[in-house]
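A.B. asks: Chain by chain, the residues run as shown.
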Amino acid sequence: MEDYLKYLNPKVLNKITNLELKARLIVEGYISGLHKSPYHGFSVEFAQHREYVPGDDIRHIDWKVYGKSNRYYIKEYEEETNLVSYFLLDSSASMRYSNDDMSKYDYACHIVASLSYLILQQQDAAGLCIFDQEIRTLLPASSNPAYIGDIAHQMAQVDPVEKTSIDVVIKDIAGRLKKRGLVVIVSDLFDDVSKILEGIRHLRHRRHDVIVLHILHPDELHFPLQRLTMFEGLEEIDSKLLVNPRAIQSAYLKEIQNFISELKSGCIAHRVDYVQVTTDQNLDVALSAYLANRGSRARR
Amino acid sequence: MNFFIQPWFLTGLTAASIPVIIHLIFRRRFQRVEWGAMKFLLAAYQSNKTSLLVEHILLLILRILIIILLVLIFARPIAGDIALFSDSRSTEHFILVVDNSYSMGVRDGNQSPFEKAKKQARNIIKNAQIKDSITIITMNEKPRVLTSFATILDTGKIIGHIDEIKLSHQATGLFETMDILKEQASKKEYLNKKVFILTDCQKGPWLGASKDQSFLATLKEIRKEVRLFSLFDVGVTSDPLNLAVSDLEADGVIGLNTLARFVATIQNFSPKESGEMAIHFYVDGNKQSTEYVSVLGGERQRVAFFYNFVATGPHNVMVEIDADSLAQDNKRYLSFDVLQNIKTLVLDGDIQEEAFGSETDYITAAIGATPKSLIQMEVMSVADLSSDIQFSQYNVIILANVQTFADEERFLELEEFARKGGGILFFLGEKVPYKYYNSEFFKEGLGVLPAPIEAEAIGKASDKEDKTVFTFDNIDETHPVLKYFVENKTLLEDFRRCLTYKFFPVQIDALDKEEKRVSVIAHYDDPGKHPAILEKNYERGKVVLFTSTADRAWNNYNSDQFGHVFLIMVHEFIQYLVIRPIHESNIRVGLPILKTFDFYIQGAEIAQPGESFSPIGLQSNNGAAPFRLKEDTFVSGIYKLNLDIPLQVREEQGEIASEYIFAVNVDPTEGDITRATKQEILNALKDINIHYSTRLQKNQSGGTSTSDVEYWKPILILLLILNGLETFLAMWFGRYDR
Numbered sequence: 000m001e002d003y004l005k006y007l008n009p010k011v012l013n014k015i016t017n018l019e020l021k022a023r024l025i026v027e028g029y030i031s032g033l034h035k036s037p038y039h040g041f042s043v044e045f046a047q048h049r050e051y052v053p054g055d056d057i058r059h060i061d062w063k064v065y066g067k068s069n070r071y072y073i074k075e076y077e078e079e080t081n082l083v084s085y086f087l088l089d090s091s092a093s094m095r096y097s098n099d100d101m102s103k104y105d106y107a108c109h110i111v112a113s114l115s116y117l118i119l120q121q122q123d124a125a126g127l128c129i130f131d132q133e134i135r136t137l138l139p140a141s142s143n144p145a146y147i148g149d150i151a152h153q154m155a156q157v158d159p160v161e162k163t164s165i166d167v168v169i170k171d172i173a174g175r176l177k178k179r180g181l182v183v184i185v186s187d188l189f190d191d192v193s194k195i196l197e198g199i200r201h202l203r204h205r206r207h208d209v210i211v212l213h214i215l216h217p218d219e220l221h222f223p224l225q226r227l228t229m230f231e232g233l234e235e236i237d238s239k240l241l242v243n244p245r246a247i248q249s250a251y252l253k254e255i256q257n258f259i260s261e262l263k264s265g266c267i268a269h270r271v272d273y274v275q276v277t278t279d280q281n282l283d284v285a286l287s288a289y290l291a292n293r294g295s296r297a298r299r
Numbered sequence: 000m001n002f003f004i005q006p007w008f009l010t011g012l013t014a015a016s017i018p019v020i021i022h023l024i025f026r027r028r029f030q031r032v033e034w035g036a037m038k039f040l041l042a043a044y045q046s047n048k049t050s051l052l053v054e055h056i057l058l059l060i061l062r063i064l065i066i067i068l069l070v071l072i073f074a075r076p077i078a079g080d081i082a083l084f085s086d087s088r089s090t091e092h093f094i095l096v097v098d099n100s101y102s103m104g105v106r107d108g109n110q111s112p113f114e115k116a117k118k119q120a121r122n123i124i125k126n127a128q129i130k131d132s133i134t135i136i137t138m139n140e141k142p143r144v145l146t147s148f149a150t151i152l153d154t155g156k157i158i159g160h161i162d163e164i165k166l167s168h169q170a171t172g173l174f175e176t177m178d179i180l181k182e183q184a185s186k187k188e189y190l191n192k193k194v195f196i197l198t199d200c201q202k203g204p205w206l207g208a209s210k211d212q213s214f215l216a217t218l219k220e221i222r223k224e225v226r227l228f229s230l231f232d233v234g235v236t237s238d239p240l241n242l243a244v245s246d247l248e249a250d251g252v253i254g255l256n257t258l259a260r261f262v263a264t265i266q267n268f269s270p271k272e273s274g275e276m277a278i279h280f281y282v283d284g285n286k287q288s289t290e291y292v293s294v295l296g297g298e299r300q301r302v303a304f305f306y307n308f309v310a311t312g313p314h315n316v317m318v319e320i321d322a323d324s325l326a327q328d329n330k331r332y333l334s335f336d337v338l339q340n341i342k343t344l345v346l347d348g349d350i351q352e353e354a355f356g357s358e359t360d361y362i363t364a365a366i367g368a369t370p371k372s373l374i375q376m377e378v379m380s381v382a383d384l385s386s387d388i389q390f391s392q393y394n395v396i397i398l399a400n401v402q403t404f405a406d407e408e409r410f411l412e413l414e415e416f417a418r419k420g421g422g423i424l425f426f427l428g429e430k431v432p433y434k435y436y437n438s439e440f441f442k443e444g445l446g447v448l449p450a451p452i453e454a455e456a457i458g459k460a461s462d463k464e465d466k467t468v469f470t471f472d473n474i475d476e477t478h479p480v481l482k483y484f485v486e487n488k489t490l491l492e493d494f495r496r497c498l499t500y501k502f503f504p505v506q507i508d509a510l511d512k513e514e515k516r517v518s519v520i521a522h523y524d525d526p527g528k529h530p531a532i533l534e535k536n537y538e539r540g541k542v543v544l545f546t547s548t549a550d551r552a553w554n555n556y557n558s559d560q561f562g563h564v565f566l567i568m569v570h571e572f573i574q575y576l577v578i579r580p581i582h583e584s585n586i587r588v589g590l591p592i593l594k595t596f597d598f599y600i601q602g603a604e605i606a607q608p609g610e611s612f613s614p615i616g617l618q619s620n621n622g623a624a625p626f627r628l629k630e631d632t633f634v635s636g637i638y639k640l641n642l643d644i645p646l647q648v649r650e651e652q653g654e655i656a657s658e659y660i661f662a663v664n665v666d667p668t669e670g671d672i673t674r675a676t677k678q679e680i681l682n683a684l685k686d687i688n689i690h691y692s693t694r695l696q697k698n699q700s701g702g703t704s705t706s707d708v709e710y711w712k713p714i715l716i717l718l719l720i721l722n723g724l725e726t727f728l729a730m731w732f733g734r735y736d737r
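As given, the protein sequences belong to chains A and B, one line each in that order.
According to numbering that gives the first Met the number 0, the residues represented by the first sequence are 0 to 299, in order.
According to numbering that gives the first Met the number 0, the residues represented by the second sequence are 0 to 737, in order.
Hints in this document: simulated from the structure, not taken from any laboratory.
Small disclaimer: the values here were computed from a predicted structure and weren't measured.
Computed list of lysine to aspartate or glutamate pairs in DMTMM-like fashion (alpha-carbon distance at most 25 Å, straight line):
#1 B/K685 / B/E220
#2 A/K162 / B/E33
#3 B/K38 / A/E235
For each label pair, taking beta carbons as the anchor points, the in silico distance ranges come out as:
#4 B/I24 / A/R205: 52 to 62 Å
#5 B/I21 / A/P217: 28 to 38 Å
#6 B/L12 / A/K253: 34 to 44 Å
#7 B/H22 / A/N98: 23 to 33 Å
#8 B/W731 / A/N98: 19 to 29 Å
Note that the Cβ used here is the ideal one computed from N, Cα and C, for glycine as well.
Can you build the whole structure from these sequences, using the hints too?
C.D. replies: Laid out in structure tokens, this is it:
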């Protein structure tokens with residue numbers, strides 16, 4: 000039996016070029032590692048009865064109610080088959096950062112592909128929005144399992160070069176998402192916290208569930224650089240700084256921790272799941288976050 | 000001139016630019032990183048921009064300082080006081096006082112203090128500027144100014160003066176040297192004078208002199224005149240073994256064919272025991288015997304040698320210790336004359352028929368002369384003194400209870416006798432008319448009598464029932480005439496217990512007392528504490544006055560109980576009177592040999608130790624007597640003098656010597672090389688504001704020397720502190736990995 004678990008490791012995944020294949024390996028690897036199938040409970044949670052109208056699948060008629068009332072009632076379940084997940088994938092230039100390893104963008108693509116694969120396998124719908132300072136690509140939600148190919152293809156087409164403007168994009172996308180669903184923001188969120196939270200608040204106002212997958216490179220979290228370095232901004236083209244990293248390390252770490260802390264607090268305040276993911280972590284972190292959120296939705 | 004021993008290392012100061020260069024190079028060698036979280040990086044940089052700059056500059060300064068200090072250590076800066084200042088300073092005048100007393104020659108390793116002192120002097124000269132001047136003074140009992148404010152046009156020439164300084168055989172001579180130094184230092188035309196005394200800081204001379212107010216006053220006056228008064232202690236730091244022959248003496252008069260006894264005192268100046276040391280005894284340059292002694296640290300030991308002389312005339316003996324760390328005090332010489340006998344004329348003023356009735360009977364009994372005796376005497380009544388008897392035929396004349404001379408010329412003859420070296424011993428008695436004695440023998444101090452007699456005799460004669468008794472009191476135990484008693488406590492006690500019943504009260508003339516021409520050997524214990532035995536140096540002769548009688552009339556010295564006291568006194572007094580004053584033929588190095596001859600001398604030649612005879616000039620009164628000889632002594636040893644006396648003069652003068660021997664010895668106290676500590680010196684000279692330092696010559700290769708006046712130690716400590724600070728700050732500022 001193939002050891003799928005290894006495909007959760009970004010180092011392994013980095014060697015596989017086919018994103019679709021990788022998504023399958025990731026998900027199946029993850030699933031095989033669980034003791035309990037995540038499929039259980041899905042689509043079987045009773046929600047309400049409604050009267051049968053022609054065209055409804057007779058397999059969903061509640062015959063017990065018919066026995067008592069002599070009426071046809073369709074047994075409706077929680078919107079499990081109607082769950083729409085939208086992935087907002089940040090393709091700004093800052094997502095390009097890597098240190099001879101997987102870039103944040105690539106890592107984010109793996110997450111999106113894997114979750115999309117999982118969602119589509121569940122007959123749920125998945126949509127994709129790739130953005131930077133504006134929406135670059137928008138794939139409407141679809142539950143067609145073959146849709147994963149489109150998602151993967153679109154993600155592969157993008158070259159992260161532009162700046163981020165999350166609040167603008169979120170407001171824009173919020174207007175376009177007609178159906179309430181799960182919005183998964185996959186980004187490094189290198190923008191003003193207030194603007195980000197403003198966008199999230201907007202999504203929440205539209206009653207969307209939101210998961211923030213905060214993608215960071217370990218270098219950005221720990222700042223382990225030693226040698227004198229000319230830092231060139233990926234998004235700020237003219238921004239350069241020649242500095243001894245050791246001299247500024249503590250100040251930098253303080254800044255980024257403040258940012259994360261502020262962001263996290265904001266997310267909690269808006270009842271948004273915040274998950275910090277670093278590119279050296281196994282992909283199960285992101286999958287677990289999604290499934291946890293999915294589970295809580297099912298119980299509501 | 001500069002502050003540094005190795006100034007060429009200062010070129011290394013250019014290395015101070017290394018941190019800046021490294022900084023600039025490293026600013027060109029950086030990695031480029033495309034950074035996503037630039038926002039936070041810029042925010043962190045902006046908020047810490049100033050502190051980063053300060054930290055950076057601080058570290059840069061520290062690193063530059065570390066390199067500068069490192070270079071300074073190699074360049075070896077010298078203490079400001081002797082750094083002699085920078086090239087831009089004004090003209091300075093260096094007065095170098097180089098101690099060349101013989102203690103400076105002690106060997107403790109490869110380099111003696113003397114060599115260290117010369118090396119330091121050379122360093123000072125080498126570091127001087129061409130506009131400066133150098134004065135060089137040698138320090139000993141006869142200090143010399145080798146150069147006085149000589150400009151340094153030719154450094155080699157000035158250094159040549161230092162090279163020429165030889166180790167003397169003299170003692171430190173602090174008083175003499177400071178007088179010379181004061182003379183040089185007080186030359187007003189030279190400003191900016193700096194004095195450097197390079198010495199071994201011997202405890203004895205320095206602490207001894209510092210107790211003398213005149214010495215301190217001299218130093219204060221020097222201090223006022225000079226900008227820097229520096230004392231360099233170059234003495235040995237260990238305690239090398241040093242023994243000295245501190246004394247060599249003969250036991251009384253040395254007679255022909257009698258066993259003479261010589262006693263050498265061996266002193267151990269070091270704190271440790273000497274172990275067995277060989278002591279060699281030489282007579283007239285020939286080794287006679289060797290004794291072995293071991294002397295405890297700080298102690299002294301007396302060693303006796305014996306010899307039987309078979310020829311009269313001048314002789315010398317020498318005692319030598321085997322080599323130790325200081326050679327100059329290992330030998331001691333003694334010069335003396337071997338006499339065939341001591342011709343003594345005993346003049347009796349009260350001749351009696353019955354046995355022991357005469358005044359001089361006890362004296363003759365005490366001398367007890369046989370034809371082989373050293374003392375040969377002739378006894379006569381003063382009344383029988385015929386004209387064919389000349390005092391000059393005798394060595395000693397004893398006057399016992401003599402009233403007067405029949406011939407008044409005898410008074411003058413007696414004075415002439417003493418003036419030429421004869422010895423006179425006075426005993427008084429009932430016959431003595433005191434006022435007459437004062438006028439004829441004392442002569443207001445011009446006569447031979449040591450002191451005027453104040454009044455008639457005090458007390459009552461020994462045959463009186465109600466006689467008062469007096470004993471000797473306040474005895475001068477250091478006087479050589481009492482040496483025999485002092486060396487035997489029982490005899491000294493007997494001497495004290497002898498009773499005197501009657502004596503003439505005498506009082507020493509104030510002038511004689513002041514000029515120390517007269518000394519009291521013993522007093523009586525009477526209320527007036529009158530002198531009992533007095534001595535007067537009468538030119539070359541000696542006169543001893545005993546204020547009581549020579550027989551039993553006024554005392555009991557001749558009693559059965561104390562007869563031995565009188566016996567010893569007579570022998571010792573006679574011998575003492577004929578012994579040439581020790582200082583005439585035995586002198587200390589540095590003092591001149593002085594001799595006066597009252598007869599015509601054709602010429603003279605002198606041989607210094609280890610050298611052959613060479614002619615010597617004599618001062619005379621236009622070619623007529625007296626002839627005076629003065630020869631300076633610089634080294635210890637035996638000096639020999641030969642006189643060329645015409646035959647006719649020999650015939651006229653009778654027995655006159657043409658050969659003389661002088662023993663010249665070092666001051667044995669100089670051999671005590673114990674150093675005064677820094678604190679002792681500074682305490683002793685606390686009012687002088689003297690700069691004290693020690694020199695520790697570690698580099699014996701002739702290169703530059705190290706010294707505790709160098710600044711390398713504090714610089715090294717500062718360097719280490721800065722290095723630690725740099726590491727700490729760099730870590731604190733995050734420049735190093737933690």
